[in-house]
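Everything in the sequence shown is counted per the working numbering, starting at 80 for the first residue and increasing by one.
Some hints could be false.
[Claimed, not checked] Subject to a maximum C-alpha distance of 35 Å in a straight line, what follows is the list of computed DSBU-like cross-link-like pairs (lysine-lysine): (1) K310 - K133; (2) K379 - K310; (3) K260 - K184; (4) K261 - K310; (5) K520 - K386; (6) K133 - K99; (7) K382 - K520; (8) K394 - K517; (9) K520 - K563; (10) K160 - K426; (11) K327 - K261; (12) K325 - K133; (13) K160 - K184; (14) K310 - K85.
[Stated by the list, open to error] Computed spacing ranges between beta-carbons, pair by pair: (15) K327 - R174: 34 to 40 Å; (16) L157 - T509: 22 to 28 Å; (17) L157 - E102: 20 to 26 Å; (18) A533 - H420: 58 to 64 Å; (19) K382 - V577: 52 to 58 Å; (20) A533 - I402: 30 to 36 Å; (21) L491 - T530: 53 to 59 Å; (22) Q516 - S383: 19 to 25 Å; (23) T522 - M573: 45 to 51 Å; (24) F389 - N427: 17 to 23 Å; (25) G378 - L532: 49 to 55 Å; (26) L491 - L317: 22 to 28 Å; (27) S494 - L157: 39 to 45 Å; (28) L535 - G378: 53 to 59 Å.
Hint data in this document are derived by calculation from the structure and do not stem from the laboratory.
Idealized CB from N, CA, C, for every residue including glycine.
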Amino acid sequence: MAQYEKGTFEDYDDVAVYEKSEEQALNASTRNFVVEFGLDEARIAFDLDEKRFKNLLHTPQPPDRRPVRWINIWAPNLQEKQVMLLGEKYQFSRRLLGIILTEPKQKTEGAAQQDKHAFWPRFPKDDPEVGAKSLDESRTSTSSQSSSFDHYTIADQMINYHAIDYGRRFICIGANWMHRKKHDSPETHTDGTVDLEGKQRRLYSWLILCNDNTVISLQEDPGRLNEEDLKSTRLNLLSVLKQLSKVKHDSTDPLSMQSVRQALEGLDIDDPGSEGSSNLFYYLFDDWRAVYSAVEVFGKGLKSLQKEIFDSTTKKSYDMPDIEIIPRLHVLGSRIREMQHVYEGYKNLIQRILEPPRTATTNGNGSATPRSMSRSLSATGPTFSAEKENPVVVARSALARFERLGDRLQLLILSQTREFLDEKDALRNTYFNINAQKDSKATARLSRAATLLAKLSVVFLPVSLMTSYFSVQIDDLAGVYTAKQYWYAFAVIMSISVLALFFFSRLLMWFTETLDGIMKNCGRWFRHSVMTRIRKGRGVER
80 MAQYEKGTFE DYDDVAVYEK SEEQALNAST RNFVVEFGLD EARIAFDLDE KRFKNLLHTP
140 QPPDRRPVRW INIWAPNLQE KQVMLLGEKY QFSRRLLGII LTEPKQKTEG AAQQDKHAFW
200 PRFPKDDPEV GAKSLDESRT STSSQSSSFD HYTIADQMIN YHAIDYGRRF ICIGANWMHR
260 KKHDSPETHT DGTVDLEGKQ RRLYSWLILC NDNTVISLQE DPGRLNEEDL KSTRLNLLSV
320 LKQLSKVKHD STDPLSMQSV RQALEGLDID DPGSEGSSNL FYYLFDDWRA VYSAVEVFGK
380 GLKSLQKEIF DSTTKKSYDM PDIEIIPRLH VLGSRIREMQ HVYEGYKNLI QRILEPPRTA
440 TTNGNGSATP RSMSRSLSAT GPTFSAEKEN PVVVARSALA RFERLGDRLQ LLILSQTREF
500 LDEKDALRNT YFNINAQKDS KATARLSRAA TLLAKLSVVF LPVSLMTSYF SVQIDDLAGV
560 YTAKQYWYAF AVIMSISVLA LFFFSRLLMW FTETLDGIMK NCGRWFRHSV MTRIRKGRGV
620 ER
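Using the sequences plus the hints, can you model the full thing?
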């Protein structure tokens with residue numbers, strides 16, 4: 080297969096180019112791509128360097144042929160010059176540029192498992208032989224961690240961390256997007272695998288809608304990933320990219336259809352550039368596959384735990400209970416609660432898009448056009464007056480889609496996560512109740528066994544006394560009793576003991592119950608008498 084010349088645009092509607100583009104988009108070494116498209120034309124280029132980026136940004140899109148431009152950058156911290164050119168072109172604030180160019184802390188899977196090994200972490204202890212050395216090391220480590228507090232530290236510790244920024248030439252939203260993570264399914268859950276229950280990969284991404292019908296997407300550098308995890312992190316982006324080509328128009332599953340270029344065929348579209356860029360902005364935001372796959376993972380996890388809990392009812396009493404079930408329920412519940420916060424953050428972003436700030440104006444078409452809230456101006460870029468700037472427009476069709484997405488998040492996803500949390504609590508209570516019933520049954524069996532042993536000791540006590548009598552060494556009794564007489568006496572005494580035990584056990588039960596009733600009646604009579612005397616005494620005093 081022919082290789083790409085980096086930074087060269089090719090016809091994206093060509094089958095060969097489409098296939099190469101799909102392969103290139105799944106290549107971990109690919110750093111960026113640019114797609115320019117309209118209703119009739121589309122072209123694509125991969126791995127643009129600084130020079131090509133600069134030429135591209137100074138070349139406006141042909142409004143009649145390719146009015147929409149999509150710029151995607153993976154690992155923006157490794158492409159500082161390209162990001163700075165974008166910031167200069169669209170007047171990003173210094174803070175936004177600094178955050179985008181922040182280098183994420185790369186952490187291998189092995190190190191992560193060591194840091195979070197087990198549900199019960201191991202803490203370093205001071206060694207009396209070396210004094211407080213380990214304590215000093217811990218303090219040094221803590222101080223170094225606090226000094227390296229940055230954007231990705233916040234994004235990692237607060238999964239629902241998100242932001243929205245309005246500039247003169249752009250709208251920028253940033254949030255954590257969660258992606259399915261490959262986990263092996265062990266037959267037995269160890270300390271390390273308990274913490275992986277329902278865990279997903281977090282990647283912070285930015286989506287920027289610009290005032291010249293350009294959409295910019297930037298994604299945090301995930302580090303080294305296997306092929307399956309890399310495809311998972313780029314799944315939605317790849318789906319949108321594939322559907323921008325006419326090669327994929329007719330073969331798309333209706334459920335997976337993301338109508339960006341196809342929507343430009345409408346006859347009532349006044350501004351196809353705004354229509355295409357707004358819908359592209361929406362579909363890059365709406366990663367429904369990741370959301371529904373997370374819900375599916377949580378549902379399967381709860382069903383698996385439910386099966387294990389119900390299967391525990393058939394276990395024998397001497398089998399040890401599964402002590403991993405409660406930690407797994409706790410971890411899964413924390414993951415569900417985490418994702419609930421993430422989805423609430425998405426809903427908040429949608430509300431901010433639907434309800435622009437008070438400084439926003441409205442264009443003639445009724446589309447939201449947020450004006451400069453942050454007054455983000457580039458130090459090196461040219462200065463433009465607000466009157467000469469085109470407003471950032473979110474098309475009505477995209478706003479309607481965002482509104483429907485907010486409804487789906489509320490009615491389907493958030494309600495489902497609440498049901499999962501309720502089910503998790505119900506499973507925990509069920510597990511405790513099952514174990515309590517099994518403990519009660521075991522205690523009852525032990526009580527019956529102890530009672531049986533006590534009865535047997537009572538039965539054999541007269542026999543042991545009789546045997547002791549026959550074995551006493553007394554001269555007058557020597558040779559008087561025979562073995563036959565001994566066994567006759569044994570049978571008689573054993574029979575009397577069994578009958579007496581049966582009779583007296585019933586009698587004792589009746590006696591204790593009767594005595595309990597008498598004691599209760601006496602207690603009530605005594606309390607009544609005391610209260611009567613007290614009342615009479617108070618009446619005499621009055």
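Hints, verified against the model:
{"no.": "1", "hint": "K310 - K133", "verdict": "30 Å, holds"}
{"no.": "2", "hint": "K379 - K310", "verdict": "22 Å, holds"}
{"no.": "3", "hint": "K260 - K184", "verdict": "19 Å, holds"}
{"no.": "4", "hint": "K261 - K310", "verdict": "11 Å, holds"}
{"no.": "5", "hint": "K520 - K386", "verdict": "22 Å, holds"}
{"no.": "6", "hint": "K133 - K99", "verdict": "25 Å, holds"}
{"no.": "7", "hint": "K382 - K520", "verdict": "27 Å, holds"}
{"no.": "8", "hint": "K394 - K517", "verdict": "9 Å, holds"}
{"no.": "9", "hint": "K520 - K563", "verdict": "46 Å, violated"}
{"no.": "10", "hint": "K160 - K426", "verdict": "33 Å, holds"}
{"no.": "11", "hint": "K327 - K261", "verdict": "28 Å, holds"}
{"no.": "12", "hint": "K325 - K133", "verdict": "28 Å, holds"}
{"no.": "13", "hint": "K160 - K184", "verdict": "21 Å, holds"}
{"no.": "14", "hint": "K310 - K85", "verdict": "22 Å, holds"}
{"no.": "15", "hint": "K327 - R174: 34 to 40 Å", "verdict": "39 Å, holds"}
{"no.": "16", "hint": "L157 - T509: 22 to 28 Å", "verdict": "50 Å, violated"}
{"no.": "17", "hint": "L157 - E102: 20 to 26 Å", "verdict": "21 Å, holds"}
{"no.": "18", "hint": "A533 - H420: 58 to 64 Å", "verdict": "59 Å, holds"}
{"no.": "19", "hint": "K382 - V577: 52 to 58 Å", "verdict": "55 Å, holds"}
{"no.": "20", "hint": "A533 - I402: 30 to 36 Å", "verdict": "34 Å, holds"}
{"no.": "21", "hint": "L491 - T530: 53 to 59 Å", "verdict": "58 Å, holds"}
{"no.": "22", "hint": "Q516 - S383: 19 to 25 Å", "verdict": "22 Å, holds"}
{"no.": "23", "hint": "T522 - M573: 45 to 51 Å", "verdict": "32 Å, violated"}
{"no.": "24", "hint": "F389 - N427: 17 to 23 Å", "verdict": "39 Å, violated"}
{"no.": "25", "hint": "G378 - L532: 49 to 55 Å", "verdict": "50 Å, holds"}
{"no.": "26", "hint": "L491 - L317: 22 to 28 Å", "verdict": "24 Å, holds"}
{"no.": "27", "hint": "S494 - L157: 39 to 45 Å", "verdict": "41 Å, holds"}
{"no.": "28", "hint": "L535 - G378: 53 to 59 Å", "verdict": "54 Å, holds"}
Violation of the numbered hints given earlier is confined to hints 9, 16, 23, 24; the remaining hints are satisfied by the structure.
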